[in-house]
Structures are given as structure tokens and as C-alpha cells.
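Novice: Now for the letters of each chain:
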Amino acid sequence: MIRRFVASLLAVAVVRPDHLNDSEIAGFLDRDLSADERSSVESHLESCASCRSAILEVSRMADSYQTASDSSQPFPGSPRRRRGVQLRFVVAAAAGLAIVWLGNVRNNPQTTPTRSVNTIAADSRPVVEIVNPPENAFANRSGLTFVWRSAATSVYRFTLLDETGQTVMDREVSDTVLVLPQDTRLAPGHLYFWRVDAIGDGIAASSGARKLRFAW
Amino acid sequence: MASAIPPTVESLLAAADEAARDTAWTEFLKRYSGLILHVARSTRGDHDSVMDRYLFVLEALRKNECRRVRAYSNSGRGAFSTWLVAVTRRLCIDEHRRRFGRTSAKGPTVEQVDRRALDALSGDESAPLDSLESALARPDSELQITERNAALRAALLRLDVSDRLLLRLRYEDSLKVNEIARLLGEQSQFKVYRRLDQILATLRHELELVGIRDSDA
Chain A
1 MIRRFVASLL AVAVVRPDHL NDSEIAGFLD RDLSADERSS VESHLESCAS CRSAILEVSR
61 MADSYQTASD SSQPFPGSPR RRRGVQLRFV VAAAAGLAIV WLGNVRNNPQ TTPTRSVNTI
121 AADSRPVVEI VNPPENAFAN RSGLTFVWRS AATSVYRFTL LDETGQTVMD REVSDTVLVL
181 PQDTRLAPGH LYFWRVDAIG DGIAASSGAR KLRFAW
Chain B
1001 MASAIPPTVE SLLAAADEAA RDTAWTEFLK RYSGLILHVA RSTRGDHDSV MDRYLFVLEA
1061 LRKNECRRVR AYSNSGRGAF STWLVAVTRR LCIDEHRRRF GRTSAKGPTV EQVDRRALDA
1121 LSGDESAPLD SLESALARPD SELQITERNA ALRAALLRLD VSDRLLLRLR YEDSLKVNEI
1181 ARLLGEQSQF KVYRRLDQIL ATLRHELELV GIRDSDA
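Chains as they are written, first to last, in my numbering: chain A, 1 to 216; chain B, 1001 to 1217.
Hint data in this document are derived by calculation from the structure and do not stem from the laboratory.
Careful, some of the hints might be misleading.
[What the hints assert, rightly or not] Derived DSBU-like pairs: lysine-lysine, alpha-carbon spacing no greater than 35 Å straight-line:
#1 B:Lys1063 x B:Lys1030
#2 B:Lys1030 x A:Lys211
#3 B:Lys1191 x B:Lys1176
#4 B:Lys1063 x A:Lys211
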């Protein structure tokens, strides 16, 4: 009987030739469809495993993005999602990732930078001037000290990222000096990126992404 | 018309010339590149593949004076960020297929689906599998099978489409109840449990009306 149940359930399916579009998926997930539209979408989902899979993936991606960035970036405008955010990190997160990516593109001859790539790097903010270590340094991790010039703010956010854009270390300091903690997990010889953002009302100034490799 | 277009997106679409568009695009990227990168990373592949997809998505969004984004502003539904996740996911799939061709999607096996449905309709999700499988192994006459098939099909067709969707999500897609609750906008997973109970009770009742009981299975 149970096998018949499953078989019957599947046999009810009448798959329409087209699939849900992105707008219908977003509207369904955010409860932004009229009753008729929602009924139509539900009817399609009931009979289309592909669209159920799509809607599930979108939901999971949106939720995991929000979870991953809950403290640094909002999931804007979504009526069903929480919005506990610290706006000042929004720009830092996005620009940091974009510049990391830009660095990767430059290192990878198989990818072709385009105009859109160049616009990512455009950043009109004042610059936090770096004293140490120099760009592209091959540094000894032991006691490595990052030094930058004052940008007339009381808080600086230091971020160290690995070559995939994952944050390795993230600190807020009031000084213009930061000694690399001994317990920072690093892979010798791998490329890292680091940046310093001066935090005022949002990000007042930034060093931009800088490259670094560690000797062991 | 989309319900609420973020100012960043409005600026991008309102840009009068290429210079203004470049500026607006930079702001757009500052706001959304993290999200796009997150979705690109959620799909398969190594670091280079992820970055290729990311680049592909950016180019597709920028193409033809941001035609896709403009389409959202004209008739898009849901929050822009949700829509952007959906678009990015689709573009990532397109890029992957462009490079590697189509691959078959893997879903739950027939055995998995049967087992979940079996557990559910037995009325006891913790019931020993052995006893359920032995119940399945009981021989049915052809007539019984035909009658049950017809009765079940009729009962299923009488359900609301939303109830059938719920059964699909739970017993075919094997989703957890809390995830179903999120997808369907139910306030709590307990409401989903109650709905499932009601639907299964309805099915059992309909079968009993035509003389078919669980114990006959």
C-alpha cells in the first residue's frame, strides 16, 4: 500500500513545459505573490521536482549568506529575514572580497579582466597609509608588526584574508600598530591579503587590499 | 513593479550615461558582490571555477545596460536580494553547463523515498524497519492492488494542491519539517506537523470509506 501511495503521488504529476522564473521564486520565498500567483506557483512546485530543488537551493543560499554575514552585512529588504546588522562593515566585506578576487584575476592568466572588474577596484575613500610590511612582502610571521599612519579616527579594523577571501583574522584596534598574534593559523608560502579600515561614520579611510606571504 | 527597489539599484538603473553607470555599478558591487560571491561559492568547483562563475555573473548582470536588473524593477517579486540569489544561482548553473555540459541531478533514491513514506504512513516514525518491510512483503492480490491504487489516487487528487506540495516536500524530497516551515512561510514547524497529521488522517479516512484500512496493507 505504501509503495502504491508513493507511486500514486508521483503519477499525479503533470509537469508544465516551462519552469518558475527567478521572480516567481523570490516572490514565493518572500511571500510577495498574490493568492492566484501563489496558488499557480504551488501547483507547479507540486508537480516539478526541478523547481522544488531550485527554490530550496535559493532559500538555503539566502539563509546561509545571512548567517555567514549576520554581523557584517544585511540581507536587505527581505521581509521574512532578520536584519541585525552593523552597517559599517558592509562596505568592508564587499570591497574586501572584490579586491581579493581582483588579485586572483591578476594572478590567473586564464581569466580576462573586464571593465566591470576595474570598477570594483575603484575606491575614492581616503587612504590609510601603510608603513609596514611593504606590499608583496615575504615576511617572517614571528613578531610581525603591522604599522600604519593615523587617519584621524579612534578605531581601526584590521583584516587578514587568505587567498580564497576567507577571513583569517579580524581585529579592531585603537592604535596604529598591530602585532600578529602567535596563534594565527597560517600556511607558509601561501598568498594572503590584508587591509586596514579606519572606522568613523562608516569606513572613513582604507588601505585597500595588500598582499603578503609568510615564511615559516 | 517590484515592491521595494533598493536605492543602490535605483541609482544603477537611473544612470544617464556611461560614467554615471560606472559609478553606480561600483556602489552596486560594494553592496552585493559578497552575496554574489557567496552563491558562486555554494556551487561546485575549485577556487578558479568559483571566480570564473563570479565574473560571468557580473558580466551578465552588467550586460545590455543591466537588462536583467531592469527586468526586476519592472516586474520582479520578492526582495531584491532574494531575487539576486535566484538569478546568480541560475547564471552559475548556466556558466557551469556552458563549460562542462549538463549533468544529471541526484535526488533521493527510490528506496529512500519509499522508506520515508513507509515510516510516515505506518503512523509510527520510530517503528522498526524490519516489521515495516515484512508488512510490505505481504502478498497482495491484483484486485486489491488495483483498488488501493485507484482509491489513493482519487484521495490524493481531492487534496488541496498545497497539501500535495507538503507531502512532496516531506516524503519525496525528504526535507526536514523546520525547513518546510521556512519554505512555506508557516509560523512554526509544529504547524507543519499538524498539517501533515491532518493530511495523512484525511487519506486514511478516505481509504477507510472505500473499505481499505492500514491493517490491510
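Novice: Now tell me if each hint is right for this structure.
Specialist: Hints and how they fare:
1. B:Lys1063 x B:Lys1030: Given that 35 Å is the threshold and the Cα spacing comes to 18 Å, the pair holds.
2. B:Lys1030 x A:Lys211: OK: lysine 1030 of chain B and lysine 211 of chain A at ~20 Å, within 35 Å.
3. B:Lys1191 x B:Lys1176: holds, 13 Å
4. B:Lys1063 x A:Lys211: With a Cα-Cα distance of about 31 Å, the restraint between lysine 1063 of chain B and lysine 211 of chain A holds, given a limit of 35 Å.
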